[in-house]
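Enquirer: One letter stands for each residue in the lines below.
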Amino acid sequence: MTDLSDEAPQFASMRLHVRLGPALLIYFHIVICCVSLMYVAEFYAHLQIVMFDENRVYAAALNIAPFALASILFTFSQFSFGYVLGFYFYTMMIGYLWLVAFSKFNYDHVLASFSAFGSALAFLVPALFITSPVKQRFVLSARALENLLSFILVLASAIIAVGALHNFRLVGVPDIYNFRDELAFPTWLGYAMGVTSNALLPFAFACFVVRGDWWRVALVLLLLLLFYPITLSKLALFSPFWLLFLVVLSKFFETRTCVVLSLFVPISAGVILALLFKFNLLSYDLIRNYFGLINFRMTAIPSSALDFYNDFFSTHDLTYFCQISFLKPFVDCPYSDPLSIVMQKTYHLGNFNASLFATEGIASVGLVLAPFSVLACGLVIAFGNRLSSGLPSRFILLSGGILPQTLLNVPLTTTLLTNGALFLFLLWYVMPRTMFEPCQSNRPEMDNDV
Amino acid sequence: MMTAPILQIVWLHRRPFFFVMGLTFLALAVVIFMLPKRATVRSTIEIGSAVIGEKQEAFEPPENVARRILSVYGPAALFATAGKGTSPSILSALQNPSVESIGRTVVIVSTIDPSFENEAKEFQETIADLITKELASRTQALRESITARISLAKRAADNLEQQIKADANEIDRISALSDDLQGQLQRQRASLGELYQRTGTALQPGEGTIVELHIREMQEQISRQMTLIGNLVLERFNVTSDLAKTRRHYEAQGRTIADTQFEQNSFSETRISLPPSSTPASTAATSRRLSLLLVAFAISVLAGFGTVVLLHNIGVSEKDLSVRRISEPGFAGIAF
Chain A
1 MTDLSDEAPQ FASMRLHVRL GPALLIYFHI VICCVSLMYV AEFYAHLQIV
51 MFDENRVYAA ALNIAPFALA SILFTFSQFS FGYVLGFYFY TMMIGYLWLV
101 AFSKFNYDHV LASFSAFGSA LAFLVPALFI TSPVKQRFVL SARALENLLS
151 FILVLASAII AVGALHNFRL VGVPDIYNFR DELAFPTWLG YAMGVTSNAL
201 LPFAFACFVV RGDWWRVALV LLLLLLFYPI TLSKLALFSP FWLLFLVVLS
251 KFFETRTCVV LSLFVPISAG VILALLFKFN LLSYDLIRNY FGLINFRMTA
301 IPSSALDFYN DFFSTHDLTY FCQISFLKPF VDCPYSDPLS IVMQKTYHLG
351 NFNASLFATE GIASVGLVLA PFSVLACGLV IAFGNRLSSG LPSRFILLSG
401 GILPQTLLNV PLTTTLLTNG ALFLFLLWYV MPRTMFEPCQ SNRPEMDNDV
Chain B
1 MMTAPILQIV WLHRRPFFFV MGLTFLALAV VIFMLPKRAT VRSTIEIGSA
51 VIGEKQEAFE PPENVARRIL SVYGPAALFA TAGKGTSPSI LSALQNPSVE
101 SIGRTVVIVS TIDPSFENEA KEFQETIADL ITKELASRTQ ALRESITARI
151 SLAKRAADNL EQQIKADANE IDRISALSDD LQGQLQRQRA SLGELYQRTG
201 TALQPGEGTI VELHIREMQE QISRQMTLIG NLVLERFNVT SDLAKTRRHY
251 EAQGRTIADT QFEQNSFSET RISLPPSSTP ASTAATSRRL SLLLVAFAIS
301 VLAGFGTVVL LHNIGVSEKD LSVRRISEPG FAGIAF
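As you go down the protein sequences, you meet chains A and B in turn. Once you know that position 224 of the first sequence is 224 in the numbering used here, the rest is easy, because the numbers rise by one and skip nothing. Once you know that position 302 of the second sequence is 302 in the numbering used here, the rest is easy, because the numbers rise by one and skip nothing.
By construction, these hints were calculated from the structure, which means they are not laboratory data. Please read these numbers as outputs of a predicted model, since none were measured by experiment. Misleading hints may appear alongside valid ones.
Straight line, CA to CA, 27 Å or less: simulated DSS-like cross-link-like pairs of lysine-lysine [what the hints assert, rightly or not]:
id	chain 1	residue 1	chain 2	residue 2
1	B	55	A	345
2	A	328	A	345
3	B	245	B	165
4	A	104	B	121
5	A	104	B	55
6	B	133	B	55
7	A	234	A	251
8	B	154	B	165
9	B	37	B	121
10	B	84	B	133
11	B	121	B	84
12	B	133	A	104
Build the full structure now, drawing on both the sequences and the hints.
Expert: Here's what the structure looks like:
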């Protein structure tokens, strides 16, 4: 944990001059998330994924209000990778606590709400407050870092070239589902693409942005974009624009504010578009793609996944972590298919992966024990915080910019290995802190913004 | 990195914190107490069910009925209510009832102004009538099918019972005939024995030929009798085996009748289990107000806390921004 126990008067006085994180902005964010979910329920009523009933708004508000108080944690904690992830999960949980009041399923909603609340706190406390540094036993030299960055670019190019041999289709987003089932990459290539696009390239991107090497920044973005015609995934198409968006935000705002704005701005834009449609100023066709991608897919789906997993596991056997491939030989597994396929067969909404709250929590140990499992996940993220300690906030935000999006929809164990979170943690650990010293030396503030 | 001391900072700004918190709570409380009173009209419909296989199952999945209330029965009931000259404001208040299915029960709740209570009850009654009418035909068909199955099974059981009686009589008849033939056979064997004895004694000329003829006839008769008795034994075995089969069929029919009668007895009609009734407005309002006051309290704490953060950051930013501008031209350091 950080330095609350320190009694030195000077240090205490310094702590009183620590800039606090955003508060009012988070309140607006909570309100805009609820409004966004109301519109999602209206525009996607036919899917019956997110529901709304104005007679139950009081129940929903009663669910949200205590959790809104937990936003105070974001104001008093300093920036870390856990802060970014914590805020994204906080938004997901706000969404769940809102939509559970209108859920069409018949599981125990009260227990599920308490479990969700407990799980969120169990994740946030370690992820926000365990940030003390780990002693660096191995540090890259400036030259080694330079070589590493060049190597990442070459490796990414090679992986893209090999990937393109297996699949390369320039199709629009609505058509990707027609070809996805045909995709078959060798296992090693699947891992390589996941690690490169989620961890290595964003890491290189952050390094080049901090150094102002804009040509290489553009090259990284191009490489990231090239993953789209290969993997036909929306995240691949979305990643370069998302990283650029984070760069622009971090240029003008303090990092913690940036994190909040990174969700608040896109969701608010979707709500404004929905309002313009309601006032007949825009047609639905014009807002459909944006609203569908941001307000529905990015924001509402991770929250509703908790609703679906709660419903499914209220009447089916728990997995006791047997969904993790290397644990399968040691645990009796009631499911032969991956959970996403099991959910597809039950609800027919596509391969429905979900975050660590749903998978490592609800599916693995059930509602009552979920907070303990999620606490363990929070400690893993806290370890990531410790490995990245001493790096500038903006660098952490940009290099880890894609992972929160992945973690909202994919279990932690999968993200650590398949999506390269462990590689990123390792790179943070060996990253030379001296590279940023000129920027930090004049900073009296206790946080580590660049 | 460092965590800010929460309590110390809030204590430093305690006055604005409590002022803003108190003011926000007061303002929200006034709004909450000025909100119009709402009444809740609730009714429950038990969907008809019967034992299908080994399970008691509803004729129509209650979730489907709940969905159809929102999309079909509700609008139809609203249309019927509108036809009676009900004002548009009442129709608008009635148009979005909350509907959920719990087990085989569908619950309809309308939250409305207390003055619209009667219209809401009428609206829910219309919905319930529409549902019971639609499910009635299915119920009737199922009921008729059960009655027909029972009657068919009873008729089959009666036939089998008659068959059992006939088989039993046949066995008795064969047994009697067989006993009679056995008696005759014994007598014929005795006569044959006597004839053999006569052949051993001195016979008159020509008498030996007649005795031998008698012996041959007797032997043929005995042989025929034995064949007849053998056939009768076979016949009795077949009839006994048929009787056993018929008894098994009879028992199976008995079980079918019992099962179908159980189905008939466990058959339930679609009915209104709780007629539209209103929760007293005062109770509902009190519970709603309490929840809203809790929400208002949370909002007030957040408002007070937001003020503290704002004041604290303004205080810090004066020193902080000046240093940042020196070290990082272009960094604005904006935080809300």
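Enquirer: All hints are to be evaluated individually against the structure, with a verdict given for each.
Expert: Hint check results:
1. 55(B) to 345(A): At roughly 24 Å apart (the allowed maximum being 27 Å), residue 345(A) and residue 55(B) satisfy the hint.
2. 328(A) to 345(A): Distance ~21 Å between residue 328(A) and residue 345(A) Cα, so the pair holds.
3. 245(B) to 165(B): holds (13 Å)
4. 104(A) to 121(B): holds (24 Å)
5. 104(A) to 55(B): Roughly 24 Å separates the two Cα atoms, so the pair holds.
6. 133(B) to 55(B): holds (24 Å)
7. 234(A) to 251(A): Roughly 26 Å separates the two Cα atoms, so the pair holds.
8. 154(B) to 165(B): holds (17 Å)
9. 37(B) to 121(B): holds (18 Å)
10. 84(B) to 133(B): holds (21 Å)
11. 121(B) to 84(B): Status holds; Cα separation ~14 Å.
12. 133(B) to 104(A): holds (26 Å)
Taken one by one, the earlier hints all hold for this structure without exception.
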